[in-house]
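Student: Line by line, the protein sequences are chains H and P. For the first sequence, the tail end lands on 287 under numbering that gives the first Met the number 0, and the numbers increase by one without skipping. For the second sequence, the tail end lands on 308 under numbering that gives the first Met the number 0, and the numbers increase by one without skipping.
Just so you know, these hints were derived from the structure itself, not from any lab. What you are looking at is a predicted structure, and each value in this text was computed from that prediction instead of being measured. Treat the hints with care, since some could be wrong.
Heads up, simulated EDC-like pairs for lysine to aspartate or glutamate below, C-alpha to C-alpha not over 16 Å straight-line [said to hold, decoys possible]:
id, chain 1, residue 1, chain 2, residue 2
1, P, K301, H, D179
2, P, K62, P, E204
3, H, K286, P, D304
4, P, K227, H, D179
5, H, K113, H, D218
6, P, K81, P, D270
7, H, K118, H, E64
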Amino acid sequence: MKSNKAQYRRYTRSGWGNFFYFFFLIIFGLFSVLPIIYTICTSLKPLEEILIFPPRFFVTRPTFENYAALPKLLSNLKVPLSRYVFNSFFVSIITTVLHLFIASMAAFVLAKLKFKGSKALFMIIQFALLYNTYTLAIPQYVIFSETRIIDTYWVYILPYLPSTLGVFLMKQFIDSSIPDALLEAGRIDGAGFFRIYWQIAFPIMRPAWLTLTLFAFRDLWSMQPQGTIFSEELKMLPNIMSTISSGGIARSGSAMAATVILLIPPITIYMLTQGSVMQTMGSAGIKE
Amino acid sequence: MINLEGKIIVKLKRSKFGGNSEIRTGMIMLSPFLILFFVFTILPILSSIVLSFTTYDMIAAPKFNGFANYIKMFSADDMFPKVLRNTLVLAIITGPIGYILSFLLAWMINELNRGMRTVLSFLFYAPALSTNVYFIWQVLFSGDSYGYINSALLSLGFISEPIQWFKDANYVMVIVIVVQLWMSMGISFLANISGLQNVNPEMYEAGCIDGIRNRWAELWYITLPSMKSILLFGAVMQIQSSFSIGSVVTALAGFPSVNYSVDTLVTMLMDVGTSRYEMGYASAMSVFLFALMAVTRVVVGKLVDSIGK
């Protein structure tokens with residue numbers, strides 16, 4: 000096998016090919032990260048450097064004063080800052096956890112149980128991947144209003160729970176990583192269908208649920224529903240950004256500092272789940 | 000003896016999950032998803048089809064009015080054609096470019112070693128993680144001379160006074176496209192990286208024996224065809240995001256944007272529905288958007304299927 004591998008690899012890239020390869024990677028790498036680096040730099044700039052003209056990209060005398068100024072800047076919000084922090088974490092964590100259970104149970108049933116209509120149901124789910132909360136906003140709004148959940152936490156939580164991406168990714172992962180034979184052992188021991196899911200399948204599905212944790216948390220963390228949440232006590236962290244940035248240029252350091260802080264949770268989760276994401280996404284294909 | 004035989008037979012019969020008690024447990028496990036999926040996805044689609052043939056203000060009961068909403072959309076509303084044009088321009092530009100980029104970059108970093116691949120995939124994916132951070136672009140393109148782009152152009156002498164980027168219909172579309180592309184290395188990018196890793200190396204070997212002599216031929220005849228299902232998944236994700244561009248637009252250009260130069264179906268829907276409460280009309284636009292996306296999905300499915308042929 001090894002010697003074969005050495006034989007077939009293969010052709011080399013021309014000089015120009017190499018040039019374009021690196022050129023392309025570098026250009027797009029810079030396009031991706033420069034705005035984020037600029038944010039971090041600006042968040043560390045003292046006021047004089049923010050007001051300097053022409054503005055410099057990098058920071059020369061880094062300081063944490065923009066971060067230190069945040070609590071005071073945010074002290075005159077309509078509700079205490081801690082409430083926004085609580086809302087963000089509460090909604091993101093509760094919804095993510097519930098979503099994981101609901102999606103993994105449904106995916107397990109769709110993957111392993113033979114019942115009438117299971118194929119059709121999965122086809123519908125696969126097609127529904129096309130529509131997200133933005134495209135469904137209007138009819139969902141009617142439903143929110145009919146069920147009287149407007150201006151409650153439910154507006155964040157309920158529509159996200161049946162997110163089709165979760166069920167889809169989990170089902171594909173089960174199909175490719177959990178063979179029936181593995182579950183058979185549990186059956187011979189007399190375990191019921193739910194126990195087999197919970198004790199055998201769920202632990203094996205770890206990469207898939209870590210992946211969903213990333214996607215769900217990312218979506219929920221940045222959620223700013225339009226027209227469905229009015230009470231300030233129910234709003235999440237992204238809403239405080241407008242309060243800070245309305246302070247104009249002098250506040251832009253603090254606005255960037257808040258931005259950097261908001262970026263930390265999703266980036267941390269990505270760092271922790273990265274390996275699992277790669278393992279899971281390989282089975283995400285749609286077959287028609 | 001009989002007992003033992005009986006047991007064996009039962010076991011053989013049950014070798015696939017599908018016994019009565021399993022079906023019952025299974026249905027209970029499926030029901031939370033099924034109920035919520037019905038209420039928040041299926042029912043919205045069905046109800047918007049019904050409501051699209053009515054006038055409905057959320058107070059009085061819906062009143063049937065035939066095709067009036069659809070007729071209004073195409074002949075009596077001067078905002079709708081603009082918004083439709085913007086939606087299509089954004090989808091046609093950011094959709095394919097974002098899609099091709101997310102494959103191309105994944106393909107390019109695929110040949111690097113594991114460490115480099117991990118670092119670069121993080122760098123490319125980082126903007127998608129910073130969903131709310133397009134605020135950065137507001138600062139970069141800020142309309143006064145402190146905006147980074149303005150000051151750079153000013154000091155290089157390209158312009159003599161700062162440009163109001165978000166107030167100028169000529170620029171605002173371009174900025175939205177740039178920002179959208181910036182965030183487009185998302186789920187499909189990750190799926191592509193992972194999918195490329197899963198292509199069976201023996202396929203490349205076989206291709207080499209069959210006379211494939213360069214990367215492009217290998218890409219077209221081996222890599223792409225063996226990733227078709229991942230490519231279709233990526234395409235679906237791309238259609239989903241490029242037709243629902245809205246919050247970026249509102250965050251950058253406000254609502255309504257200058258002369259509706261960059262408002263999309265999604266931003267107009269929100270306005271017609273949740274501030275003007277013309278739910279019948281908003282539903283008709285929603286149905287139109289659903290149909291537009293479904294048609295695109297079918298066409299793209301056919302295109303992906305023809306890869307490598």
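Student: Now, for every hint given, state plainly whether the structure supports it.
Tutor: A quick look at each hint next to the structure:
Taking the CA atoms of K301/P and D179/H, the gap is near 33 Å; set against the 16 Å cutoff, the hint is violated. The hinted pair formed by K62/P and E204/P fails the criterion: a straight-line CA distance of about 66 Å is larger than 16 Å. Taken as a hint, the K286/H and D304/P pair is honoured in the structure, with Cα atoms around 10 Å apart against an allowance of 16 Å. For the given pair, K227/P sits about 26 Å from D179/H by alpha-carbon distance, which is inconsistent with the 16 Å threshold.
Between K113/H and D218/H the CA atoms are separated by roughly 33 Å; this puts the pair beyond 16 Å, and the hint is violated. Among the hinted pairs, K81/P with D270/P is consistent with the structure: their alpha-carbon atoms are about 15 Å apart, no more than 16 Å. This hinted pair does not check out: K118/H and E64/H have alpha carbons roughly 58 Å apart, beyond 16 Å.
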